[in-house]
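Number of protein chains: 2
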Amino acid sequence: MTTANAERKPGHPHRVVVVGGGFGGLLAVRGLRRAPVEVTLVDRNNYHLFQPLLYQVATGALAPGEIASPLRGILKRQDNARVVLAAVSEIDVERRRVLLDRSANEDQDIELEYDTLVVAAGASHAYFGHDEWQPLAPGMKTIEDAIEIRGRILTAFEAAELESDPERRQAWLTFVVVGAGPTGVEMAGQIAEIANDTLPRDFANVDPRSARILLIEAADRVLTSFPERLSARAFRSIERLGVTPVLDRSVVDLDDHSVTIQATDGERDERSGGEPSGRDTISAHTIIWAAGVRASGLAAALGEATGAAVDRAGRVSVGPDLTLPGHPELFAIGDMVEVHDADGRPQHLPGVAPTAMQEGRYVAKVIAGRLDGAEPEPFRYVDKGNVATIGRLKAVMDIKGVRLSGTIAWLGYLFIHLFYLIGLENRVLVFIRWIVSFVTRGRGSRLITGRRAEVGDRTPT
Amino acid sequence: MTTANAERKPGHPHRVVVVGGGFGGLLAVRGLRRAPVEVTLVDRNNYHLFQPLLYQVATGALAPGEIASPLRGILKRQDNARVVLAAVSEIDVERRRVLLDRSANEDQDIELEYDTLVVAAGASHAYFGHDEWQPLAPGMKTIEDAIEIRGRILTAFEAAELESDPERRQAWLTFVVVGAGPTGVEMAGQIAEIANDTLPRDFANVDPRSARILLIEAADRVLTSFPERLSARAFRSIERLGVTPVLDRSVVDLDDHSVTIQATDGERDERSGGEPSGRDTISAHTIIWAAGVRASGLAAALGEATGAAVDRAGRVSVGPDLTLPGHPELFAIGDMVEVHDADGRPQHLPGVAPTAMQEGRYVAKVIAGRLDGAEPEPFRYVDKGNVATIGRLKAVMDIKGVRLSGTIAWLGYLFIHLFYLIGLENRVLVFIRWIVSFVTRGRGSRLITGRRAEVGDRTPT
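Protein chains in written order, with my numbering: chain C, 1 to 461; chain F, 1001 to 1461.
Just chain C, with the same shape it has in the complex (with noise of 0.2 angstroms):
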């Protein structure tokens, strides 16, 4: 057994170990830039990805690596931070350590030693109880994700090429988005553009025009974090776009060829008229999954060591402090907790990366703080406000209750994306890619790479 940061001289500087590189981890570190502590960032990958970006990866607009960063590039001029690439198996709370899993280094069980701890290791997707999903539908998390995606959107529009029955080409054109959050209505709106744009003139048997886009949303609108009247453009929109948008209707089933569907409501199903109600089934082959999050399991783990609560998304309950009950060195933040307040009322802060930036800030700050000897204030969120894009030219925003959507609020996502993305170099690539796409409305990152390369990997029944 191995204590990685043993070695340190006695009487060592106040040690801050935190898990996870996203942007409530990455902001806690580099807002103890000037403090007098030790940090280590512990993530499983060697980069910080740009998630709000992950759907234009997975539909060939962006390369993987424009919207990710090595940590250890971001944090190379930070003096008093260090980087462990490792995924983290256990959080000892009692003797204040974590304990890594690196099966390469052998034998050799590592162990990071904390004074303070930041736990920001954020969320997956949420199958509703239905894991065996996944494989069938994949989410949009991960850099790997929006590859396998990228690949199944392509490689369906090359299978439908040399299909010669009608029915089965429609099945291969047919693609289907489960959920109509953000990231839904994006992903949705850009197959839509890769069908109608991108990919018209590039095939010989088939009209890449007649594939048919359908967005299953459970709730009767889009968007629904939205206020009504831009959900009900951002429908407009994306239905013009060539989207089906199919509401109040949830997934009961799906294999690796269908997709079946039925009302979410009994009594919304009489009023949605002369839609089929009832069940459904959709041959599609093409299936992709954004509709919930679940907590890393961390959470849990967090909720069982200190006896905070733990709601059904995984989430671990933290107070205004962004602490876990009696543990005032244990902080959790972002996607994987609900923030509660002094009087114990859940705040439902938004999934969202200004969150858990504003976190992890705060909980830098606090660190620094109590190392001078300041008692923290609670921690405030401050709503900067929602931003989702449909397509070429059209995006719903919503700033303090300043509503636009259209170009204007296009132009501002754009912005604000660029704004946030880490890197120089990037910025400038992305910026570049944008230009290029709007111009020639091609996608310049067409790849089907990986397992996918081959059409035969994928036996359908």
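Keep in mind that the hints were calculated from the coordinates and are not lab data.
Please note that a few of the clues may not be correct.
Said to hold, decoys possible - Restraint ranges, calculated between C-beta atoms of paired labels, are given here: (1) C:Leu393 <-> F:Asp1383: 47 to 57 angstroms; (2) C:Pro13 <-> F:Gly1292: 52 to 62 angstroms; (3) F:Glu1239 <-> C:Ile408: 35 to 45 angstroms.
Owing to the predicted nature of the structure, the values given are computational and were not obtained by experimental measurement.
Beta carbons: idealized from backbone N, C-alpha and C, even for Gly.
Guided by the hints, dock chain F onto chain C, whose structure is given.
For chain F alone, coordinates are given in the frame of chain C:
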């Protein structure tokens, strides 16, 4: 059994099928753009790969998409060409059909009928009878290979960072490149630059500059395809970069933590003086194979079907018009063939992009000419020269007897490679990457993705 192009109108135009979208195949298709023919390009990947820059992807300097262009995009405006994404399972020379392997399209086997066939299926690595070495010492022919090697190199530094045993740490910091042709030299030089220029400030416990980079070559000099004087220059340049070239040594054994070499030839062994003679086992986790190539299996299949000779590297013999004996309708070109002149003497053309491109262009001219009743001139290879880069501002170049090394050769190398890269967008992006890398000594695409994302995946003994 469906014949994908059987539905065409009777009295169809002359049907050309081209297998392989590399330099040779693509130039053959492009060369037929004004000919009264119907061209079908078959490739198992949906992109053309610019293999000469693959080593820059493997070392994080470029992103995969920047050196790959979708075939459908390239041929979008060529109305007489279509693209089929599939692997070729068999060529039926007698019935003039190409059989495709596409299990995605269910029980349908798909065949392509041809009047003329051009096979340009390239080559992969040769492990000289040790195919079991492939997973231990990956070569570099595909995007997947390059991403795998990139992950191994970066993971090795990460593993060293957490390794407390000095001997084991050194094994993680030892990189062995097998084969000192252009790819091996470029690769070794790039690893040296990563260790010395890109990473030094990135790690807390490890100094990347202590990395050992060995370049093993069975012959008595590096870059044997260049004149001796340039080989000697390249040797000195690469040594100065921090690479240790080990000449006159062959790999006789390897596993996942070591490589065993021995003197290629007993006589030479004595000459090498102070160097360890006989067997020598080096502890190293990262071994990269750049030692030999083997023609696509389609070469041997064509040899069997037509009676053409197949050499030890698996290449099939073609005549001076690049056709197989007795089959004027059947061309084979590029890395999978050995071209013979009218007197049956092998031409020993270099296995580089310009050779394949000239052959592709020639074949297109012959096919178009025949439709006008013209007799083809035999193929004449024009030596465009040879260039290899070693590192920052260092390259060697041999163009029609003009031998250059240093900065001018290096600029020539960059210019030539940008010029032959397909697609304006990729040219601009690669140009920006190169400028940024040159100024910052950084590498923009340093991601560990795919199966290698977690260090724990690789379990050394």
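Output the numbers, in ascending order, of every earlier hint that fails for this structure.
3
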